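Spelled out from the first residue to the last, the chains are:
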Amino acid sequence: MLITTTKGLMEESLLEKRTGGVDNEDERTTWVEYRLGGELVHRSAHVTLKKSPAMFGVAEKIGG
Amino acid sequence: MANTQAMCTSFKVELLNGIHGFGAGGPAHASADSFKAALYLTSATTNAANTVFTASGEVSGAGYTTGGVDLTGSPDWIAPTAGATTTAYTTPTASIVYTTVTLTTAFNCVMIYNSTQSNKAVSVHLFGDQTITAGTFTLTMPTNNETLGLLRIV
Chain A
1 MLITTTKGLM EESLLEKRTG GVDNEDERTT WVEYRLGGEL VHRSAHVTLK KSPAMFGVAE
61 KIGG
Chain B
1001 MANTQAMCTS FKVELLNGIH GFGAGGPAHA SADSFKAALY LTSATTNAAN TVFTASGEVS
1061 GAGYTTGGVD LTGSPDWIAP TAGATTTAYT TPTASIVYTT VTLTTAFNCV MIYNSTQSNK
1121 AVSVHLFGDQ TITAGTFTLT MPTNNETLGL LRIV
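Heads up: the sequence lines are chains A and B, in that order.
Just so you know, the numbering used here puts 18 at position 18 of the first sequence, and the rest follows in order with no gaps.
One rule links them: number in the numbering used here = place in the second sequence (from 1) + 1000.
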């Protein structure tokens, strides 16, 4: 498989691959890095949002 | 300074004034508006006080265009609806994707804004710090329901 890198398209087998991620109450994130001789040449990330700001509407009583 | 997740205060006013069209229908919005998503550096100050898209604190780098990307759904948002409770909600139809970009300074924030309505700000959403190198950054939306939808009026 060819990988887009800072040095152009490169065969995946030539690169060192690292993956990781986080999963918490706000997001689930995965990332993949490819390095060539220790140099970072590709990093992609995929964030899935879990939590968002809600807006609260209020209808006040008239004449309370 | 820091970014803060929020529904923009000006957006709340604009909802009362019928400015934004998330779905089609009604005299003010025969068709749904178009929205965009811009990324902001971790060092930026993006929050509820933003009234329109700003390039201040926005990321920059190869493959990234100022202003970010269009939401690509058709329409951009799932039709606003009400749940079994009193909550109304909507969520972008599709993931937000920045393809083949290099963003080497950490970013942690996306602002969604209405490009049809003079780039009026809608909301600010946070995630963990990221950098991208000759790669793709994808933001996948939460489940569109009354507890998880991206925009909810409770």
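For the record, the hints were derived by calculation from the structure and aren't laboratory data.
Treat the hints loosely; a few may be bogus.
[Said to hold, decoys possible] Cut-off 25 Å, straight-line C-alpha distance, at most; resulting in silico cross-link-like pairs (DSS-like, lysine-lysine):
id: 1; chain 1: B; residue 1: 1036; chain 2: A; residue 2: 50
id: 2; chain 1: A; residue 1: 7; chain 2: B; residue 2: 1036
id: 3; chain 1: A; residue 1: 61; chain 2: B; residue 2: 1012
id: 4; chain 1: A; residue 1: 7; chain 2: B; residue 2: 1012
id: 5; chain 1: B; residue 1: 1012; chain 2: B; residue 2: 1036
id: 6; chain 1: A; residue 1: 61; chain 2: A; residue 2: 51
On a predicted model such as this, the values are computed, not experimentally measured, just so you know.
Hint check results:
| no. | hint | in the structure |
| --- | --- | --- |
| 1 | 1036(B) to 50(A) | holds (20 Å) |
| 2 | 7(A) to 1036(B) | violated (30 Å) |
| 3 | 61(A) to 1012(B) | holds (21 Å) |
| 4 | 7(A) to 1012(B) | violated (46 Å) |
| 5 | 1012(B) to 1036(B) | holds (18 Å) |
| 6 | 61(A) to 51(A) | violated (31 Å) |
Consistency note: the structure conflicts with the earlier hints numbered 2, 4, 6.
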